[in-house]
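Chemist: Below are the chains, spelled out letter by letter.
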Amino acid sequence: MGFKESEEQLLSKVATNGGHGENSSYFDGWKAHDRDPYHPTQNPEGVIQMGLAENLLGHDLIEEWIRKNPAASICTEEGISQFRAVANFQDYHGLPFFRQGVAKLMEKVRGGRVKFDPDRIVMSGGATGAQETLAFCLADPGDAFLIPVPYYPAFDRDFCWRTRARLLPIHCHSSNNFNITSSALEAAYLNAQKSNITVKGVLITNPSNPLGTTMDERTIRSLLSFANDKRIHLICDEIFSGTVFKPPHFISLSEIVESDPECHRDLVHVVYSLSKDLGLPGFRVGVIYSYNDEVVACARKMSSFGLVSSQTQHMLECMLADEEFTSNYLVENSRRLMERHGMFTDGLRRVGIRCLEGNGGLFCWMDLRSLLKKETLEGELELWRVIVNEVKLNVSPGSSFHCAEPGWFRVCFANMDDATTERALKRIRLFVNGETEEVEEKKKK
Amino acid sequence: MARGIGLEAPLSKMANSNAHGEESPYFAGWKAYNENPYDPKENPTGVIQMGLAENQVSFDLLENYLEEHPEAYNWGSGPSSFRENALFQDYHGLQTFRKAMASFMEKIRSGRAKFDPDRIVLTAGATATNELLTFILADPGDALLVPTPYYPGFDRDLRWRTGVSIIPIPCHSSNSFQLTLQSLETAFANAEALNLKVKALLITNPSNPLGISSPRSLLEDILNFINTKKIHLISDEIYSGSVFSSNDFVSVAEIVEDRIHINSKQVHIVYSLSKDLGLPGFRVGALYSYNDKVVKTARRMSSFSRVSSQTQKMLSFMLSDEEFTLKYIKTNRKRLKERHSRIVDELRNSGIDCLKGNAGLFCWVNLGEFLEQKSTEGELKLWKVIVDEVKLNISPGSSCHCSEAGWFRVCFANMSQETLEVALRRLREFAEKIRATKKIS
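Protein chains in written order, with the UniProt record's numbering: chain V, 1 to 445; chain F, 1 to 441.
Since the hints were made in silico from the structure, they are not lab data. Careful, some of the hints might be misleading.
Not everything, but these chain F residues come out facing chain V in the computed CB check (under 8 Å) [unchecked claim]:
(1) M14
(2) N18
(3) E22
(4) S24
(5) E54
(6) E63
(7) A72
(8) N85
(9) T127
(10) D139
(11) G141
(12) Q266
(13) P280
(14) S309
(15) R335
(16) K337
Coverage of chain F stretches by chain V, computed from C-beta distances (three or more under 8 Å per stretch; other residues unrestricted) [stated by the list, open to error]:
(17) 87-94
(18) 300-306
Heads up, the beta-carbon is just placed ideally off N, CA and C, and yes, glycines get one too.
Same shape as in the complex, but just chain F:
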């Protein structure tokens, strides 16, 4: 390719920055996996991917549904329904699909909250939703408060193209990494002192990477806090369907409607079908906002990242089937809970502690005892050993901005039961080896 020296036109500052975050070990581990992926037959000594929060435990339920319901494929009846669907580019999205999404979200919350389909804005994945919402709520230079540890992708989604910054609110193992009103107040006060304009608080409930849901009392405190400080609350609830016991999950939606003194116009919920339905490829994200202006603006902005009408149509069939969705939600929860219990038990037998989790596709595991130094460097050194020698791609807590070294996120739902057993065996052997080495030395 012809390349005139010194004659290229520059790219934007954004293109030259590394705020896309791909240099992070979170992504580096994926590369290690991609270069040497485990396969039970073809490559039994390869790297097992435990750094990807995917839900592969319930595909059979979806496949069975589709096999039994060919109308989900046929674009509906009528000669021009393909044409109608292929032409459908209205940014409101298919009404049947929005209704189905609203209904699905209600079922996940066991009917404890109602969702108005006209407040649902569809976007191509929660990645797009979080970015879009940030564009709407904050100007470049403004800040979002985000409790740590948090999903590494937020660095890209919330900051890269928006020019908005993240102010972390450190949470600690001493109280199970729970966000407290105190730490919220402190972080906000610190931001003010630095002349940073905080526009919103973003929480993930249930949390990635912690795998725990927020208690009702905390959510109430948060709602009072944002009301007083006149900032927005973004509640990323993409793992809401993975709470092992439905009664454990409290959504902000349940509280907002009860509290008349709360300005609900500051509350926004992010959802997606990537985790609960295990369909990350289909790019189905949603914003649910109680703020009319945000809904209107988000809808317009969704022009940059809409959901394929083909996908909307197929999923609206599936998710409108009440019997199917109830069964799916229940079975999916049960299977995730079983996986979770298995991994927690095995880790305990290996003398390894996890944070007591009640949700999610991962465990928050404490490997602190294996660190040579209790620091980020020590943690990354251990991580390299686990990827390169134990051949497990797990995610170091530092990539999630955890303030304490030694914690790792370990995914368990993106593989078969057999592969999970292999992974657990490798971890156990690793733990035994290190302890034996320490005893000798």
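Bound conformation, chain V alone:
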């Protein structure tokens, strides 16, 4: 209609600056998948989605629980008497038993080694909403948080888009398994100071996305100590805490905080969600757990912008109150993840592909450096395009996670069934051997 240019002028900078992050290659692969999605019978040649960190492995357990507990729904005969009270409930404190249930779940995930106070639990619109809310509470426009690379691409949107805060990298290298070193941390902080950027805190993810590893105690302690020394905040995103499937066991920031009476708890904030551990991303259950009373109060007020549906809170408060169920679920969830991880990494190992030694998360950090034509960003993206368009697997290139070393790829394994996993491994095998499924089929004929 010819209004295009002046239309854009009518919108804000936030609306037009690309801060939504969807121009990243992380999302391009999704688009390729959406155009040609794999289906075992309807589209067996399609792109297999290995770029989405979802957990499908435990849904049958939850489904069974729901079937056996009709009163957890406010729509059933058994539950309808709760309908109006629940439908009317919009208090931003959330349903009390919902908060209790989430606190209990978080304790179980940490083997009972730490207690969580339900009154410190604040709801948010998924972990996406939680990260943004914390950024609004802790950072002014232009302020920065330090973040180890590689990191989840959407943090750029969640932490920076509307808040105008910044994320500055802490450089990590494959030479020491991408662990965070004190020198890298100090260097990142100094760099910010040189550029006159105010550092307000550090943002870590444990277990790490995309690495699939948990942080050791020494690293957590040194991060906490760093935050205390510099008087800056420490946010730990623990949304994958319930997906740790083998040793070393998960050590949470909370355990370290509780064990250290000298540390300044006012600086510590944890983000959680039910999207990964319970496989419920559609339900939008995000949690901020802060040891800082003011942050709890502020985040709670902000939660008005992203409360969890009371219908969903009610269902979950019933489910999470069933301690036998949640304990069994967590054990079985870990077991299934371990099996799937084992199956996948074994398959990769057989064709000479190494992954970073992982013990958690829904993905592997795959080392494809030997397959690069050139050890550059372009080389990585060229390889990635081949993998998406010819091998028909959507994997995520390390550059989309801001990884400085070309050739690493995140590949998700928990968002599909066994047969699809086998299919994906077969395609990888053929690719490494210089073949494709088409060629193989022709050979058979």
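Put chain F on the given structure of chain V with help from the hints.
Modeler: Same frame as chain V, now just chain F:
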């Protein structure tokens, strides 16, 4: 908890500001209620909550529907439908749900406007919609024009995290608080003179707290105005289903499509199921925009506040049922109208005037005669007496930025008929007592 003196890291300026608005008497009254809530049996002398614009008159219709339609609970048929729903996090939202919302919005307008489901962006409540839209239309330091009196929550929703300011357009009882083109022009000119960049006009239609809908002529004037000034129009229509007579409500949607010379790309409608369906807990808000770029951006931004897929699925069943929705809309309107008439009549018998309303879950009541001084202080003093002694939480007009002292918003749809009667009796007795006291003195 360990607290090193002087060693805490500071929070953001935003966290330290009080732009969240919770210090307002609007919220203070809720606290008074929470500390001493009325209950007919357990606490018959407690505070009756009349400061919460909730719609509790039609729950039975929803409950009956659910009892008769167990498929709304079962996540649909098929072995993996729970999984599919639990995994569904596409920010487009369930297509069936968007279609159902579009259809519901059309029915509320008796088919006088059409809504394209692909222009609906879902957000967690209108609170999120208004904030999101402000982020998209305005930069920090820009301004939105909002006629007064207005919903107190706008101070938080439009300003707190966005850094945008509100320029009030005062409206007066002399013309029933109607917004006029004149006052719009004046407010805009004043803003320009102060070098404030106005990016949009936000109207609430039907109005909260006034309980009146905007006449067609005004909406036409507004559309011409925003077209000329090249600013956006946000029409918050969350009470559209509560207009007592369907023919009384004119939505901007009806006019926009007719007028080719109007740049519809500047028009955006906010909706929610919190008031019309009485489901504030479910957090279902929607943005309907005629601007493709706004729709796209809003969709991306809705990642921070999406509607639970469980809730989307259940409501899409309910709202796709045409027979049910038509019946619901009609019955809900009728019940609200009856409540409204009851309260207006009783107030009149007590010699208390209301603004002549045709919509909403509240009345705009004139208690000016009971003020000791005709000022904000006088109004707040009276309000304290009404909360603490009459034990009714009603909302003082000053919390809605009303420019005239003495007006109060009184909600009537968030309680049983019996509780309403108790509240009305308390008000009548209060009025009689004050008048008697004045006669003696």
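Chemist: The hint names E54 of chain F as touching chain V; please verify it with the least Cβ-Cβ distance against 8 Å.
Modeler: Holds. Min distance 6 Å.
Chemist: Can the hint on A72 of chain F be confirmed by a CB-to-CB distance to chain V that is less than 8 Å?
Modeler: Cβ of A72 of chain F sits 5 Å from chain V, so the hint holds.
Chemist: Double-check P280 of chain F for me: the hint is only fine if its C-beta lies closer than 8 Å to a C-beta in chain V.
Modeler: Holds, about 4 Å.
Chemist: Quick check: do three or more residues in the region 87-94 of chain F have a beta carbon closer than 8 Å to a beta carbon of chain V?
Modeler: holds (count 3)
Chemist: For the hint on T127 of chain F, just tell me whether its beta-carbon gets within less than 8 Å of chain V.
Modeler: With Cβ-Cβ at 5 Å, under 8 Å, it holds.
Chemist: Holds or violated: is the Cβ of D139 of chain F closer than 8 Å to a Cβ in chain V?
Modeler: 5 Å, holds
Chemist: With a cut-off of 8 Å, does the beta carbon of Q266 of chain F approach a beta carbon of chain V closely enough for the hint to hold?
Modeler: Holds. Min distance 7 Å.
Chemist: Hint check: is the beta carbon of M14 of chain F less than 8 Å from a beta carbon of chain V?
Modeler: With a closest approach of 6 Å, the M14 of chain F hint holds.
Chemist: Answer holds if the nearest beta-carbon of chain V is closer than 8 Å to that of K337 of chain F; otherwise answer violated.
Modeler: Violated: closest Cβ of chain V sits about 21 Å from K337 of chain F, beyond 8 Å.
Chemist: How about N18 of chain F: closest beta carbon in chain V under 8 Å, or not?
Modeler: 10 Å, violated
Chemist: Can S24 of chain F be said to touch chain V, with a Cβ gap under 8 Å?
Modeler: 13 Å, violated
Chemist: Please verify that hint: G141 of chain F, Cβ, nearest Cβ of chain V, below 8 Å or not.
Modeler: 11 Å, violated
Hint compliance for this structure: hints 2, 4, 11, 15 and 16 are broken, all remaining hints hold.
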